[in-house]
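Asker: First to last, the protein sequences are chains A and B.
Residue 196 in numbering that gives the first Met the number 0 sits at position 197 of the first sequence; the count goes up by one each step and never skips.
Residue 46 in numbering that gives the first Met the number 0 sits at position 47 of the second sequence; the count goes up by one each step and never skips.
Calculated from the structure, these hints are not laboratory results.
Don't take each hint at face value.
[Claimed, not checked] Here are the simulated DSSO-like cross-link-like pairs (lysine-lysine), alpha carbons at most 30 Å apart as the crow flies:
| id | chain 1 | residue 1 | chain 2 | residue 2 |
| --- | --- | --- | --- | --- |
| 1 | A | Lys-65 | A | Lys-115 |
| 2 | A | Lys-191 | B | Lys-27 |
| 3 | A | Lys-115 | A | Lys-71 |
| 4 | B | Lys-14 | A | Lys-115 |
| 5 | A | Lys-115 | A | Lys-158 |
| 6 | A | Lys-96 | A | Lys-124 |
| 7 | A | Lys-57 | A | Lys-38 |
| 8 | B | Lys-57 | A | Lys-191 |
| 9 | A | Lys-158 | A | Lys-3 |
What you are looking at is a predicted structure, and each value in this text was computed from that prediction instead of being measured.
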Amino acid sequence: MAMKGILGKKVGMTQIFDEQGEVTPVTVIEAGPCYVAQKKTLERDGYTAVQLGFEEIKASRATKPKLGHLAKNNLPALRYLREFRVEDHSELSEGQKLDVGVFEVGDRVDVIGTSKGRGFAGVVKRHGFGGGPRTHGQSDRLRAPGAISSGSTPGRVYKGLRMAGRMGGSRVTVQNLEVALVDPERNLLAVKGAVPGAREGLLVIREARKTSVSKRRR
Amino acid sequence: MANATDLIRSVENLKEEVPNLAPGDTVKVHVRIVEGNRERVQIVQGVVISIRGSGINKSFTVRRTASHGVGVERTFLLHSPRVERVEVIRNAHVRRAKLYYLRERSGKSARLRERRDQ
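Generate coordinates for the entire structure from the input sequences, incorporating the hints supplied.
Answerer: Shown next as structure tokens:
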């Protein structure tokens, strides 16, 4: 396949031992089975991509437009539909089922998820500011942002200045995670390290865009 | 969908059989050590002074007194393949879960009363 990708759900984290007794922290992902819901083509859509669907649900829980779209390829009702941009999808056919078998142990993947929402967060948590001094007669300065601008020049606060506000709940990509385990029978995938989002959250797993030096060394 | 805990547990390579350790136990831990490409088994004998964690993360600390009264503590992951076998030699009657007070003691005061159940 031109590009490997699959959709999954975060299950949680644990650790596994290898034969030498080295411990690897891993995130377990329940990935697939996914269905190719649609192939976007240059002629019809202006770009090429593969639309994958994941997680069967009761038909009564899906919208009718979605059911109609899936019915074109006799697919069951699915909760999620996500697109993967690919150059060439000639190897895939609409309606085809994909499982975690597209990946193998040792592959490098990028994992995309929605980070946990932190609500309205201050500047220390949100931007890693140091806060103010704790002693020497300070009051109310512990987690304060400090000065936000100068006086008459420029006479305003610059746009984009890092301040308190909504944090989390945004799309986050973690690149170059190593696949530590693949189990097509149970639709399980484990990647080394942490992955964005809460448990049960949707994850997009795709082949790593950038390959790091560490892979070549291994 | 299966329960998340079950799914995670199914991935963990837990040992099928682990010794039932308790704080105060005197144990012999058979540790696999790889030196270059040669592998040998080292035995660490001492008192279990702490057990912490659960599941695959469970670990225990063994304290022994080496030469000149210098205490040596080593912590092992119970499910690690490096821990080949743990022999329990002796149980002791102790009244707490962590026996850190043994660090301040030596000689006679560092003894533990043996437990004989049943």
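Asker: State for each hint whether it applies.
Answerer: Right, here's what the structure says about each hint:
1. Lys-65/A x Lys-115/A: holds, 27 Å
2. Lys-191/A x Lys-27/B: At roughly 33 Å apart (the allowed maximum being 30 Å), Lys-27/B and Lys-191/A break the hint.
3. Lys-115/A x Lys-71/A: This hinted pair is violated, its Cα atoms lying about 35 Å apart.
4. Lys-14/B x Lys-115/A: violated, 34 Å
5. Lys-115/A x Lys-158/A: Given pair Lys-115/A, Lys-158/A holds - Cα atoms ~26 Å apart, limit 30 Å.
6. Lys-96/A x Lys-124/A: violated, 42 Å
7. Lys-57/A x Lys-38/A: Judged against 30 Å, a Cα distance of about 24 Å means the pair holds.
8. Lys-57/B x Lys-191/A: This hinted pair holds, its Cα atoms lying about 20 Å apart.
9. Lys-158/A x Lys-3/A: violated, 40 Å
Of the numbered hints given earlier, the model fails hints 2, 3, 4, 6, 9; all others are met.
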